[in-house]
Amino acid sequence: MSAAWPALLGALAGLGNDLISVFYSMKKYILFLSLLGLSAGLSSCEKYLDVNSNPNNPVVSTPNFLLPNIIANGIQTQMFTALRTPYITQYVVSRTANSGGNDQYVFTNANSTNTFNYSYFYSGGNIPLMIQAAQAEGSPYYVGAGKIMQAVILAHLTDMLGDVPYTEAYQGGANYTPKYDSQQSLYAVINQLCDEGAAEMAKPSSAEFRPLYSLTPSESGDILYKGDVNKWIRLASSLKARQAQHLTKKATYDPKAVLALVDKGFTSSADDAQINFQVAVAPLVNTTNIFGTTRANFGTAVFSTNIVKYLNGTTFPGVTDPRLGILVPSTSQGVNPGAGTSAVSTGLNTAPGSTTYTDFYGSWYARDLGYFEAITYHELKFIEAEAAFRAGDKSRALSALQAGIRAHMTKVGQGGSNALPAVTFPTISQAQINAYLTSAALPQTAADLTTLRPIMEQKYIAMFLNPDSWSDLRRLDFDPSIYVNFVYPTGSGVNSAAATQTDPKLRFPRRLPPGATEVLYNPNAVAKLYSDAGVTVGDINTYITKPLWFDMP
Amino acid sequence: MRKIYWLPVALLPALGTALPGRAQTTPAAAATAGPVTGVVRQASDRTPLPGVNVIVKGTSNGTATGADGRYTLANVPNGATLVFSFVGYEPMERRYEGGPLDITLAPSNRDLDEVVVLAYGIKQDRRDIVTSVQEVSSKDILDSRQPNIVNALQGKVAGVNITSSGGGAGEGASIVIRGGTSLDGDNQPLFVIDGMIMDNSSFQESTAPGGGSAFNGLLGRSVGSANRAGDLNPEDIASMTVLKGPAAAALYGLRAANGAVVITTKKGTAGRTQLNFRSQYSVDEVNRLPQMQSLYGQGSSGFFDATTRSSWGARFAPGQPVYDNLRDFFQKGNSFQNFVNMSGGSDKASFFASASNLKQNGVTPQSTYDKTTVRISGSAQISPKLSVTGSAQYLNSGAVRPLQGPGLFGSSGGFLLSLLNWPRNDNASNYLNPDGSRRRLLALGAGADVDADNPYWTVDKNPQSDRTNRFVGNVQVSFSPLKWLTLSHNIGTDVYTTRSQSVRAVGTSQVNNQFGGLAQTVDQSRLITATTLATLNHNFFGDKLRGTLTLGNTIEENKDEAVDYIGYIFQNPDFIGLNNTVNRGALQRDQTRHLIGNFARLSATVFDQLILEFQARYDQSSTLPRPDEGKIFGKGFLYGSAAAGYEFTKILGLDQNPILNYGKLRASVAEVGRDTGPYRVLAPLTTNTYIGGGFRNDFFGSNPNLRPERTRTYEAGINLQFFKNRLSLDFNYYRSRTNDQLIAPRVSQATGFILQYINGGVVTNEGQEISLSGTPVRTASGFTWDVNANFYHNTNITESLPSPLTVVYQSDTFITDVHEGGAFPGRAISGLAATDFNRVTDPTSPYNGQLIIGANGYPSANATFIYAGNRAPRFTTQLTNTFTYKGLSLTSLLDFRVGGVVVNGNDWYQTVVGTSPRTADRYTTAVFNGVVAQKDASGNTTYVPNTQAVELTQSYYSTILSRAGTAFVEDGSWARLRYVALSYALPQRWLGGTGSFLKGVELTVTGRNLVLLTKYSGADPETASSGAGVRGGGSGGIDYGNIPGTRGVDMAVRVNF
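Residue numbers (the working numbering), protein chains in the order written: chain A, 1 to 553; chain F, 10001 to 11057.
Hints in this document: simulated from the structure, not taken from any laboratory. Heads up, the beta-carbon is just placed ideally off N, CA and C, and yes, glycines get one too. All clues given are correct.
Listed next, the stretches of chain F that the computed footprint assigns to chain A, with coverage defined by at least 3 CB atoms under 8 Å from CB atoms of chain A: (1) 10203-10216; (2) 10618-10627; (3) 10744-10752.
Here are some, though not all, of the chain A residues that point toward chain F, as calculated from beta-carbon distances under 8 Å: (4) GLU46; (5) ASN69; (6) ALA72; (7) TYR122; (8) ALA169; (9) VAL285.
Calculated lysine to any residue pairs in the SDA-like style (CA-CA distance at most 20 Å, straight line): (10) LYS179(A) <-> PRO10802(F); (11) LYS10886(F) <-> PRO10048(F); (12) LYS394(A) <-> SER439(A); (13) LYS10359(F) <-> ASN10341(F); (14) LYS10886(F) <-> ALA10106(F); (15) LYS179(A) <-> ALA516(A); (16) LYS10650(F) <-> VAL10606(F); (17) LYS47(A) <-> GLY10677(F); (18) LYS10631(F) <-> PRO58(A); (19) LYS10631(F) <-> ALA174(A); (20) LYS10559(F) <-> ASP50(A); (21) LYS179(A) <-> ALA527(A); (22) LYS528(A) <-> SER182(A); (23) LYS10631(F) <-> SER44(A); (24) LYS10886(F) <-> GLU10090(F); (25) LYS47(A) <-> LEU10527(F); (26) LYS10559(F) <-> GLU46(A); (27) LYS10631(F) <-> GLU46(A); (28) LYS10631(F) <-> GLY172(A); (29) LYS411(A) <-> SER269(A); (30) LYS10559(F) <-> SER44(A); (31) LYS10935(F) <-> SER496(A); (32) LYS546(A) <-> ASP181(A); (33) LYS10139(F) <-> ASN10341(F); (34) LYS10631(F) <-> ASP50(A); (35) LYS47(A) <-> THR10592(F); (36) LYS47(A) <-> ASP10560(F); (37) LYS528(A) <-> GLN184(A); (38) LYS10631(F) <-> VAL59(A); (39) LYS10559(F) <-> PRO58(A); (40) LYS10483(F) <-> ALA10380(F).
Excised from the complex, chain A in its bound form (with noise of 0.2 Å):
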């Protein structure tokens, strides 16, 4: 009882405090009605009810502090892609046996939702808003940047969707059901975004309300390219390029066309389109490495058979890449899609001196402060490889394919570490890649260079972990001739829809799922994916199977 009464007292003490506040908040309402009295008129009430603006977030933007996020959160988008497409490509298969996942080609709409949400909401949803402010202000290079950001969204969606919304997205409440546009559309959408981008890039600077890329007062603006308008014309052709390469079934199929898109496009690996991941300093949250061990999302992921063979000398017996070491540990064996390997504390398949972490975080891809690359320089040189080869220029794609392995293995054969786990990569050096060129992986001459299996397997291994190597193996329909090491999965957790198909070509995933909320919120648009696919509604095993538009002659 006696503890009491103090407290009381302090209590009627904070009560006299209060009292003093609230006449404060009193006054201005006391003054509010005697103004009431004396002044006149209506609008006092309109003035008391006009409080319906948020005070602490603004509805506009000026457009520098609106593209970053269309540019991370855009690529972002291919990062939660690329959580599955790897196991599809046989970069990784799950740790454990006969998992039921992607690596046995099953998948759930939850798979796909952030390919579509964040291609939607976090990062497309915001252009038309940013587009909008930069042309009231005149800043034609934001536009610019909208579009080409636009192109390589929506061309990226719809590599892994197929047909998605874009003619009736970005509505709010105005159609929260868009309907979803055909893919051979998209396509045409893609090179009108791209070719208008590059338009507005290529206006003078002078023309320019705002600089696109500032670091004063904070870093605002072309997060991508610095400021560089010339680079993102360069992408604009490069995403061109690789979309027109996609086409190699259609009779449309023009190598003389992609070549001179590659022509305009990178020049060097300093134009990679890529995000750089970074320590997360509050309020900023994710920013490592997807693959890394932070954000463990790859924990039961482990090297595939197919990967490590090309590097360890089996596929080139004799040859052992530079890059063993650093996009795979030396130490690892790699295992087939459902046969599983043992758990990480056995010390199996691990990071170097690890028996905590698998040996996929023992790699060069997954450093918590590495990159991730949308679309590269040493990509487009394998496009031109391909596009030059099939044009009958030899010698072309040639030196193409050689350009493109000394880019990626300089690129990543620059030495650097990871903490967690403690890994340091080794550099390669010219003579190393010197070496590797001349060695027998590869054809020597031009005249040996006679099938297209010595440029798309070096474009799968520099395209690691990237979701374009997947459109790669699905338009060449998982050529085993091709990609000589790729394994059917086993198990009884195979896809069964898949695994039974008579015709080897369709054994094989070809697109992804609708995502999960798209099942929920618009429900007729998915259905009308599965009709038009020839598929039961639901039915994800067998809709999984089914090419796209851009997969098909």
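Model the placement of chain F on the given structure of chain A, informed by the hints.
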């Protein structure tokens, strides 16, 4: 605005001329005698009754008794009749023929002549009330011994559903009147104190851009938080009136779409200053605990395994210690409360002052709650026409609570889940290493940390605390220039600052906080209400027509300014402070909402039999747009009610009938609107928290066309009084329909947003309420037996949802992986969605609905959520019995609830980790009751009963059974003895007679929740683990990882001076 504001005033002169002043009816002073004196006492125990009105009949000459029950009234002519009246007592008339006049008043039973406080302090005789209103007296509130006044209403009012969130010290409760009307809005009633709006909010995750659990990790189910009405001192409350339907509440406008709870506080009375003191000590313990198996220890696949927390290991060896970690963890809680109040005054001015203090130690270690209140109110009659009343109260409350439910950022668990998966071969109370760090069961691995914090460690190192400093006060000026006209202005405020803190110590398993984390929120809330009323009373044709017209204007401001802070990585690991963190973030989230309302109410009584009431209100809200004017604020809308009552016993001449002496029929129709929250018309941007920073779209899309949500209610009722008011029956039937629901469903993200505010969907409620009260026994010797019974049945249906929605989920209730609160079309908004086993869905099959058993002999779960029951009860009944004999009184409240499902989320969790009692059957063989699918010759699927015997393996429990949510849904019906209170008022002669300074001493012993009968297998089924702040169907009936309900005993002494 100005025009609207002054409208009521402007109308006054016109009305003044229209209504001629009534002639004064003061009788000519006859043979004047000396002053009358006397004492008024209660009939039951002969204690003096203060505050009794004494008036010379037919005049305005009157007074009130003092604290000692004495009165003196001058100028009383011989032969005049004195009328003694007091709320809650039968009035008494006595003829004055000289000499002192001592009176005893008997408690009135059916309170027909009682005055009930309606909206804005409008008082009305119970006889004239035509809408559904139920009043709870101070005695009833205090009998319950609940420190939270919302809990104190439990069982007192028909048509009200109160759900305690859990048994934590100072934990909140939700109240819903007549079912919820809104799919996504707050369905709790408006709280009004002394005519002004009061805050009764509970923790709600912020939807401000960048806010909510994404910022600081806190979900509604992470901490058992308070509801703000719990700050009040129950001893300050004179009465609480529950206005149930919109007809009753229409005057409060769009904030009262779910009814209103109108609190009237105690006021001082003229006379000798009196002092009232109560001291109470209480002991609490958890009522029921989840069950745990005691056969198997840590491990998997039947073997001991130190790398897992699960209890799928070997059977305990004989003699091996098996710890009862769950029971050992909970402790006896206790609380100590002191209340003191003082009142007094003269005929010109009076005051009431009170203070209270509560200190409570909860049933979980280290949890505390305390509350201190100081209040003063006074009134002054400045002139015969002008009076002022005012009150000011300071409230301070705070608690330290355990981290519960899933913990923060979707971690591996709060204290209860950790206990539920603590292997019983290990003693959980051993929680520190010799070096003082946390003793872990499992080593820290890569990625997510699955070793939930030790419960003892978490209550010690991860305290979740909050402190609220609050001021509630008002001033009311009342001016009666004419006998039939009263003008009043009431301005009041409810301001508070809540500072809450969530500590995550170094070494915790809470995601993102392994190196320490600290989240703080400072929330400054301010409500201001200013109401101007003009009340016109007039009787026409010699009382054959009595009329009251009330015109009013109200201006409300609702402002909330909150700042969230978060800091990560403690530099000094043992020091808790934001400045000690390496990375810090801050978020500002302010909200302002303004409202202007104008209203009119006309009440007329014809021939004392027919009562008519009309109400209309025009509201303008700052949150709704006027698209046709291109404005994002200030939409105005009109609604109202019409009601009629008919006292049919008058015309039938039954007034003096010994059996049925009173009967009134009533009916009403009402419509009320509801607005939305601020800033939903234009969607703001939010901070991009990914690489590059800047801004991006926020979750919610803009909607410049939002409209108010509207509810229309029809109501009919009858009130009958029998046996000279010894028995009273009140019956109500109501039906309401709410359309244009304001909801924010998730939409296709191709729209550019995740959620979109839209109008659409219809919810209906239909129900019956019966209140029965009476005095079966009243003997001359002073023994009485009073009974009060309530019955309530409500049918709530989601009639439709806007296309293409098939269900509206309450995502705050997504607690287990397999259950979520959801409103399905054709079902109640308090519905439950859960996954189920795959079943035969062929209506033509004789096996339709049966489980499909796979080729492996086991059933399988379907990931789709289906409707799995209604969490609201089918009906509830409460019975209060009070026996009094002289100074002795015994009161009890029996509470019955029939229907309403409860999710046993604890059992679900335990089934995965192997501690559920159902997993004690592991390794036994069973044949699942179901059918096996086969293909017949023509390729059609047929079914045959399953005969395959299979073993109940670990994998069956943790990967098959645990994926079928319906297996963990149970009937939450109960019968409980909510409280029983025995009190004894010491006879006055023991205290030294009437002249003693000691006016009364009362001793009370109360038992709370002493008996609970329920089929529910978990803890107390009265639970809402996501807290009282969940909108729509609420979180009642969700039992997962929170503090179980408690039972307890209180001992109190009350002394009056």
